[in-house]
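Trainee: Residue numbering for the sequence shown follows the working numbering, beginning at 164 and increasing consecutively.
It should be emphasised that the hints constitute simulated quantities derived from the structure, not laboratory data.
Don't be surprised by glycine CBs; every beta carbon is placed ideally from N, CA and C.
Among the hints, erroneous ones may be present.
What the hints assert, rightly or not - Label pairs and their computed distance ranges (CB to CB):
(1) L198 to P167: 42 to 52 Å
(2) H196 to Q228: 51 to 61 Å
(3) L169 to E214: 51 to 61 Å
(4) L194 to A168: 34 to 44 Å
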Amino acid sequence: MKLPALLDRLLARICAVFDGRMLDAELDEELSHHLEALVEDNIKSGMAPHEAQRHARVALGGVVQLREIHREA
């Protein structure tokens, strides 16, 4: 493999790592906002804060699974 092609591949891999981290951070922030909104809605409907948090996490689903689905897309 020629050097320019090797450098292109290396640069593409480096960019993919940093882009992936940025996308993960954006996804984490978005999920956090959704979780907060669900907790607030649950509290407004009369749930205790700890119960509202638990129900919101269940309703949102597994964060790890959502992150994997997002990466695959």
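Trainee: All hints are to be evaluated individually against the structure, with a verdict given for each.
Mentor: Each hint tested on the structure:
In this structure the hint that L198 and P167 lie 42 to 52 Å apart at CB holds, the actual value being about 46 Å. Checked against the given bound of 51 to 61 Å, the beta carbons of H196 and Q228, roughly 18 Å apart, lie outside it. For L169 paired with E214, a C-beta distance near 56 Å keeps the hint of 51 to 61 Å intact. In this structure the supplied range 34 to 44 Å holds for L194 paired with A168, their Cβ-Cβ distance being about 38 Å.
Against the hints set out earlier in the document, a violation occurs for number 2 only.
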